[in-house]
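2 protein chains.
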Amino acid sequence: MGRGKVELKRIENQTSRQVTFSKRKNGILKKAYELSLLCDAEVAMIIFSSSGKVYQFATDDDLVFHFNGCRMDRIIARYRNEVGLLHSNHKRFRTLESWKSEIEELQKSIDIMEARLRHFCGEDISTMGIKELKQLERQLRVGVDRIRSKKVSNLYTTAA
Amino acid sequence: MGRGKVELKRIENQTSRQVTFSKRKNGILKKAYELSLLCDAEVAMIIFSSSGKVYQFATDDDLVFHFNGCRMDRIIARYRNEVGLLHSNHKRFRTLESWKSEIEELQKSIDIMEARLRHFCGEDISTMGIKELKQLERQLRVGVDRIRSKKVSNLYTTAA
DNA sequence: CACTCTATATATAAACC
DNA sequence: TGGTTTATATATAGAGT
Numbered sequence: 131m132g133r134g135k136v137e138l139k140r141i142e143n144q145t146s147r148q149v150t151f152s153k154r155k156n157g158i159l160k161k162a163y164e165l166s167l168l169c170d171a172e173v174a175m176i177i178f179s180s181s182g183k184v185y186q187f188a189t190d191d192d193l194v195f196h197f198n199g200c201r202m203d204r205i206i207a208r209y210r211n212e213v214g215l216l217h218s219n220h221k222r223f224r225t226l227e228s229w230k231s232e233i234e235e236l237q238k239s240i241d242i243m244e245a246r247l248r249h250f251c252g253e254d255i256s257t258m259g260i261k262e263l264k265q266l267e268r269q270l271r272v273g274v275d276r277i278r279s280k281k282v283s284n285l286y287t288t289a290a
Numbered sequence: 131m132g133r134g135k136v137e138l139k140r141i142e143n144q145t146s147r148q149v150t151f152s153k154r155k156n157g158i159l160k161k162a163y164e165l166s167l168l169c170d171a172e173v174a175m176i177i178f179s180s181s182g183k184v185y186q187f188a189t190d191d192d193l194v195f196h197f198n199g200c201r202m203d204r205i206i207a208r209y210r211n212e213v214g215l216l217h218s219n220h221k222r223f224r225t226l227e228s229w230k231s232e233i234e235e236l237q238k239s240i241d242i243m244e245a246r247l248r249h250f251c252g253e254d255i256s257t258m259g260i261k262e263l264k265q266l267e268r269q270l271r272v273g274v275d276r277i278r279s280k281k282v283s284n285l286y287t288t289a290a
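Top to bottom, those sequences are chains A and B.
With positions in the first sequence counted from 1, the corresponding number in our numbering is that position plus 130.
With positions in the second sequence counted from 1, the corresponding number in our numbering is that position plus 130.
If you are wondering where the hints come from, they were derived from the structure by calculation, not from laboratory data.
One or more of the hints may lead you astray.
A pair counts as met if it fits within one copy or between any two copies, since identical chains are not told apart.
[Stated by the list, open to error] In silico lysine to aspartate or glutamate, EDC-like type, Cα no more than 20 Å apart, as pairs: (1) Lys155 - Asp190; (2) Lys280 - Glu253; (3) Lys183 - Asp203; (4) Lys264 - Asp275; (5) Lys160 - Asp190; (6) Lys139 - Asp254; (7) Lys153 - Glu142; (8) Lys155 - Glu137; (9) Lys153 - Glu164; (10) Lys139 - Glu253.
Taking the hints into account, I'd like the entire structure generated from these sequences.
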């Protein structure tokens, strides 16, 4: 919308990315407000800019100062209920450091797995060398083969 | 937008409220996707229709992790860290609950990613149906193709 | 950055299937 | 619910301040 058409990909120029973010953020927050008001829907939205700032909207948060997130927690709670995520808890006594380090550990594993998943999808492979690429391809082939044979056996099972 | 101008208040006619909801929901989900993609932002959105159905968007959910809300929990966790706690009485000290819930959310993401990684390797696929298997195979093929072309271009680069 | 100004691109209301 | 069409309302890209 506007003078030029935009490609649907990350805007490389940092300045215009920032400007576009600011404009579109306002636009979408307004849309969220309108949707909730017009259609009597419960809407929650959380936005982190690439620089790390957070913006939010939640239904029935005060319109003028809608940065307090009063209802956010309730909507999130409702979401968890619907989607079915149950939390059990134990481990009462721990130090701050132990919590932090566990979180760091988990985050690290997540980063590694994300990279691996991307590689499996053929993304972010520009940094990989020939050797790694070959290994990855081999692994993908193994996956394809296993799936093929699984499909075949499924067909037989289904047909019977 | 459209033939008539709309008042900013709850649409009383139930049918048109429903129709408007459906259209605007699609619109805003698209906007959320564009915002995250164009501006490299992390975006999470939860929408409950007045009839109680839930719809959602979370950055990257539809890419590698096209599973319902794999990233949602992590965005919520990040939100809770950076904002949610500012509005409670404990501004500076995180509660035990907040540590635990963040860890649980990270752990959950890890579980999902582990399962997905195994599938990519053709493991643990005995529970998958034909449809899922086909989809997985397609994704693996995309990966293989991308790697092939990358290998080819690498050879040229290396040769030069 | 926040805001202004326009030309254009999009979203969508209304009506009908 | 989903699509289609069309006229109109909005959003916003690009450029400037």
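Checked hints:
1. Taking the shortest Cα distances, Lys155 and Asp190 sit within 20 Å of each other both inside one copy (19 Å) and across copies (18 Å).
2. Taking the shortest Cα distances, Lys280 and Glu253 sit within 20 Å of each other only across copies (10 Å), while inside one copy they are farther apart (26 Å).
3. Taking the shortest alpha-carbon separations for Lys183 and Asp203, both the intra-copy value of 19 Å and the inter-copy value of 18 Å come in at or below 20 Å.
4. Proximity of Lys264 to Asp275 under the C-alpha cut-off of 20 Å is found in both arrangements, the shortest distances being 16 Å within a copy and 12 Å between copies.
5. In this assembly of identical chains, Lys160 and Asp190 lie within 20 Å of each other by CA distance solely inside one copy; the values are 13 Å within and 23 Å between copies.
6. Taking CA atoms no more than 20 Å apart as the test, Lys139 paired with Asp254 passes inside one copy only; the shortest distance there is 15 Å, against 34 Å between copies.
7. In this homomeric assembly, Lys153 and Glu142 come within 20 Å of each other (Cα to Cα) only inside a single copy, at 17 Å, whereas the closest approach across copies is 31 Å.
8. Taking the shortest alpha-carbon separations for Lys155 and Glu137, only the intra-copy value of 18 Å comes in at or below 20 Å, while the best inter-copy value is 22 Å.
9. For the identical chains of this complex, Lys153 and Glu164 are neighbours both inside a copy (17 Å) and across copies (12 Å), given an alpha-carbon limit of 20 Å.
10. For a Cα distance limit of 20 Å, the shortest separation of Lys139 from Glu253 inside one copy, 15 Å, qualifies, whereas the shortest one across copies, 33 Å, does not.
Comparing the model with each earlier hint shows no violations; every hint is respected.
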